[in-house]
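> Listed below, chain by chain, are the residues.
2 protein chains.
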Amino acid sequence: MSMKHNFSAGPSILPQEAIDASIEGIKNFAGTGLSVLEVSHRGKEFVSVVEDTQATIKSLMNIPEGYDILFLGGGASLQFLMVAYNLLETKAAYLKTGVWAANAVKEAKHLGLVEVVASSEDTNYNYIPKDYIIPTDADYFHCTSNNTIYGSQMQSFPNSPVTMVCDMSSDILSRQVDVSKFGLIYAGAQKNMGPAGVTVVIVRKDILGKVSRKIPSMLDYKLHIEKETMFNTPPVFPIFAMLQNLKWVQKVGGVNEMQKRAAARAELLYNEIDNNPLFSGTIAKEDRSQMNACFVLNDASLEEKFNAAWKEAGISGIKGHRSAGGYRASIYNALPLESVEALVNVMRTFN
Amino acid sequence: MSMKHNFSAGPSILPQEAIDASIEGIKNFAGTGLSVLEVSHRGKEFVSVVEDTQATIKSLMNIPEGYDILFLGGGASLQFLMVAYNLLETKAAYLKTGVWAANAVKEAKHLGLVEVVASSEDTNYNYIPKDYIIPTDADYFHCTSNNTIYGSQMQSFPNSPVTMVCDMSSDILSRQVDVSKFGLIYAGAQKNMGPAGVTVVIVRKDILGKVSRKIPSMLDYKLHIEKETMFNTPPVFPIFAMLQNLKWVQKVGGVNEMQKRAAARAELLYNEIDNNPLFSGTIAKEDRSQMNACFVLNDASLEEKFNAAWKEAGISGIKGHRSAGGYRASIYNALPLESVEALVNVMRTFN
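Chains as they are written, first to last, in the numbering used here: chain C, 2 to 352; chain L, 2 to 352.
Just so you know, not all the hints are guaranteed correct.
For chains that are exact copies, the list does not tell them apart, and a pair is met inside one copy or across any two.
[Unchecked claim] Taking lysine-lysine and the BS3-like style, the derived pairs with C-alpha atoms no more than 30 angstroms apart in a straight line are:
#	residue 1	residue 2
1	Lys306	Lys215
2	Lys312	Lys228
3	Lys215	Lys286
4	Lys107	Lys206
5	Lys320	Lys28
6	Lys45	Lys306
7	Lys286	Lys206
8	Lys320	Lys228
9	Lys92	Lys110
10	Lys5	Lys261
11	Lys223	Lys320
Since the hints were made in silico from the structure, they are not lab data.
Take the sequences, apply the hints, and build the full model.
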């Protein structure tokens, strides 16, 4: 049967309206008679898509003056490197809360000294460390707002004494964030922003240009800003499709509404995990993610039966990440509450 | 009016069949009931797309054993850097035949010594230098097979005494190439391969692992090969759409047929440029590109009239690049001969 309930961790569910609008652009882009797949990125129609996407993000996230918005290729993994290339002169501070945070640490080490201010690695990243001190002599502090793989989420951000940089790939646009606290925010699009193939970078210009090394062009935020995010051919369609999704977010009520919906989905699912004796959550309750709910079956011998039941219900994508095991229901912005209801219903009745 | 004849230099025209198949995948991907925009890149359906795309490129280009095929983000501009990161230990040799070749030189200089073996820069890149010697102590020799901006093309490749690396972004799949002559070939997809957002890298494994520097993960070809081009989330839709285009190439007769069609388009257009007293070609005849035909109006005062005439005929994208001026008709694989006929007709009759 075809899947109706898409719990994929990313690339993940998009609203049907955004999908339909993306198809329209492939058929006839902005009245040009051409497909958005075959137009110049420097034509006025696509330049206007880029500007519209920037303006919509700015408005949705309430981004203050002084920030630029870039749309880059290479994924958040390339940002692990670019952040360090552009900002790490001597030492950087990192909070190590999961696999992606650890990868960010690894890439930064190519460029300088990394101080891990706290880590939950020895308990398989099942909580977010809170008692840590950010050194005042660090060039910046890097954190990961939401851990897609383990399902933990920073419920608040520290008052960092140095520039704060955040990988928000898996929870951007799902809750109100005070952007002014951050020097740089980045996010692979393929969760709440749009399809895979583009990464959004929100950067406060005044933090750039302070390292002494020469930065290769493609890794240089300043150059991308000067070229208005068109230093080279950008990922045209992923940006176009992202805009269609952002318009949907805006139309249904913006980030406030996304936050309400996320809370409703998470409450329903975690209540079931907590109250159903067959299941257990894997993450400290106070650090649970509203985007990725990780849980296990207490009796592993029921797995086959449970797997058959959710598949039968048209559910897809709840197998845990290969590094974490168990189950992970990713409940991103575009997932309707009824999909969570369908999953909860299976959890209640399959045995 | 809507454009019917798409001469865009890239992103550029795609066959309608590939566009239609891309839309089908957005509606329902491989029978999953989900859109290709919202499926996991690690699901078996998309893994099979990646493998099919690799196999199709291998077959179309007759790639021998020992080569791997990667699909990366960041565009050919990121390859300028990656090539040097992975291959440049001491010195590399570059042929400087245009803007992109010059950019490749610039990025390589971040990693070591660059010897430009020949350049046509002082005549605004209007020919391809031929009498040059590739130093035998270079780590590799880098060339650009086709210069999109100026419309020149290497008609043959040297017998390089060292590993040959080639940027084939704008003429890949348009003619038979002996891949075994090259250690590495790369191409931004957005001309003959597919839509923007993915870059194809064809690399012979045995040239890797020879530099002493530590390579950051996202810039490391070896790591991308080990991870079967899924080190991180790849640009899912651009790869899917590229496969639809490759299937079209295969169906209509492969690279042989593409080469015949390219020759027919180029002959028709260059004949008109040469025989029409109103126009002149800008590139040495023996070096003319079969993908990008650059020309000027001999009498600049006719420009407005000419521009109105081709627009009226439903032609788009023939304005020259901002660094070159004049006109440039990009006549890629998917452009029907009738589009060239339409342009030639305007050139003959507009005055």
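> Decide, hint by hint, whether the structure agrees.
A quick look at each hint next to the structure:
1. For the homomeric pair Lys306 and Lys215, neither the shortest alpha-carbon distance inside one copy (57 angstroms) nor that between copies (48 angstroms) is at most 30 angstroms.
2. For the identical chains of this complex, Lys312 and Lys228 are inter-copy neighbours only, at 28 angstroms across copies versus 47 angstroms inside a copy, given an alpha-carbon limit of 30 angstroms.
3. With identical chains, the CA atoms of Lys215 and Lys286 are never at most 30 angstroms apart, being 45 angstroms at best within one copy and 40 angstroms at best between copies.
4. Taking the shortest Cα distances, Lys107 and Lys206 sit within 30 angstroms of each other both inside one copy (25 angstroms) and across copies (25 angstroms).
5. In this assembly of identical chains, the alpha carbons of Lys320 and Lys28 lie at most 30 angstroms apart only when taken from different copies (24 angstroms versus 35 angstroms within one copy).
6. Taking identical chains as interchangeable, the C-alpha atoms of Lys45 and Lys306 lie at most 30 angstroms apart only when they sit on different chains, with a minimum of 22 angstroms there against 55 angstroms within one chain.
7. In the homo-oligomer, the alpha carbons of Lys286 and Lys206 never lie at most 30 angstroms apart, since the shortest distance is 37 angstroms inside one protomer and 47 angstroms across protomers.
8. Taking identical chains as interchangeable, the C-alpha atoms of Lys320 and Lys228 lie at most 30 angstroms apart only when they sit on different chains, with a minimum of 21 angstroms there against 42 angstroms within one chain.
9. Taking CA atoms no more than 30 angstroms apart as the test, Lys92 paired with Lys110 passes in both settings, with 9 angstroms inside one copy and 26 angstroms between copies.
10. Proximity of Lys5 and Lys261 under a CA criterion of 30 angstroms is satisfied intra-copy only: 23 angstroms inside one chain copy versus 46 angstroms between copies.
11. Taking the shortest Cα distances, Lys223 and Lys320 sit within 30 angstroms of each other only across copies (29 angstroms), while inside one copy they are farther apart (40 angstroms).
Of the numbered hints given earlier, the model fails hints 1, 3 and 7; all others are met.
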